[in-house]
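K.L.:
In case you want the letters, here they are:
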Amino acid sequence: MNTAALGKLYDRLTPAERLPLIIAASLRGDEAERQRLAQAAPRTDLRVPDHYALGLALQESATFHIVDLLGLATKFWQAWGLWGWFQSLPQRPEEEALKLGLVKSCAYQFTVHDAAWGLFCAEQRMEPEALLDFMPGYERIEMTRLEVRGLAYTHEEATMFMRLHGKPTAVAAMQEDVLKSLRDLLKAREAWWNGDSA
Amino acid sequence: MNTKALTDLYDRLTPAERLPLIMAAMERGDELEADRLSRSAPRCELRLPDYHGFGEGVLFLSLFHMVEQLNLGLVFWRAQSMAAEWETFPLGPEDQVRADRLWDCVHMFGYRLCMEADAWRLVCAEMHADPEALLRDIRGFDSMRDTEKLARALLWTPRGSSGVPAEDWRE
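Note that the protein sequences, when read in sequence, are chains A and B.
Going by the working numbering, the residue at position 17 of the first sequence is 17; the numbering climbs one at a time, nothing skipped.
Going by the working numbering, the residue at position 92 of the second sequence is 92; the numbering climbs one at a time, nothing skipped.
There could be a bad hint or two in this list.
Claimed, not checked - DSSO-like mimics (lysine-lysine), calculated; alpha carbons at most 30 angstroms apart, straight line:
1. 167(A) to 149(B)
2. 180(A) to 167(A)
3. 187(A) to 149(B)
4. 8(A) to 99(A)
5. 104(A) to 167(A)
6. 180(A) to 149(B)
7. 180(A) to 104(A)
Hints were generated in silico from the structure; no laboratory data involved.
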């Protein structure tokens, strides 16, 4: 089907008509169509302070981080719940031990991400809670923080657990790995907001 | 202390120097200082496509929906684990009652989780967007999907949910 005629009308789409088409094109991997739709949109001029890009990038990093922490906390509580079930089945001690290992492994991952955020915020010279404590879900993060304390595996134990359960060459992520991914995310989003990347 | 001399230098701050100062001022409730710091920043000109605002709104809506669902999912699992603990290690007959009440809470949180998920699908249908397309690439998606699956298996009707005393399921 020749879509050239349709393409000529792309500059007449409203934002609410255009965005679903862009999302759908992205979803089916049609990068050319996505670009065509995005490029055809009329432009809006804005005048913003020079820290605007950094501010938005930090806000996005904080939002992605809290989603990450909540995802890990959900896994932790899920593992805890399953562990509880297997405790009630005394004839299956191996399953119970496996589920306890999962609880400790999830606690390790949560702790690593939480600590990496602290390091990241120290680099940015800001309070770790400043961008998080007003977000939905933050109370649950605090509650989980208290519970994982004393439960988490060490890095060596977390690596061993992964290797014993289907990932023979795995190495558990460390604070530095998560810190690097946070730095990369901030840099990429700041560049994007500054118009330095496609 | 007279801070006027410092204020005169505010226009020379880099974005990475200015932003932590603005955030610190906001944290201590010093709106005036935050505003002074913000207003003294040099301005940049941006040219954005006209759907930019709508796109940002949709992105943040997706993120906040994900945060809310993970938050509910976390409480859902936590209540389940507590119910299982009361049932597994009962100290007295009242512990089974506690476990039963917690199971009611599990159902209630499961119901809320499914209701939010259904509402999200309706919002996406209004926007002509695939409901998973906006969420699939966000970390935490698999936890959210797994939790919703189990919650659906335990699903109550709205009538059943309204039977739980508010003090039992209040977050």
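K.L.:
Against this structure, judge whether each hint is valid.
P.N.:
Hint by hint, here is what the structure shows:
1. 167(A) to 149(B): Roughly 26 angstroms between the alpha carbons, so the hint for residue 167(A) and residue 149(B) holds.
2. 180(A) to 167(A): holds (23 angstroms)
3. 187(A) to 149(B): violated (36 angstroms)
4. 8(A) to 99(A): Judged against 30 angstroms, a Cα distance of about 58 angstroms means the pair is violated.
5. 104(A) to 167(A): Satisfied, since the Cα-Cα distance of roughly 17 angstroms is no more than 30 angstroms.
6. 180(A) to 149(B): Distance of about 33 angstroms is beyond 30 angstroms: violated.
7. 180(A) to 104(A): The given pair, whose Cα atoms are some 24 angstroms apart, holds under the 30 angstroms limit.
The earlier numbered hints that this structure contradicts are 3, 4, 6.
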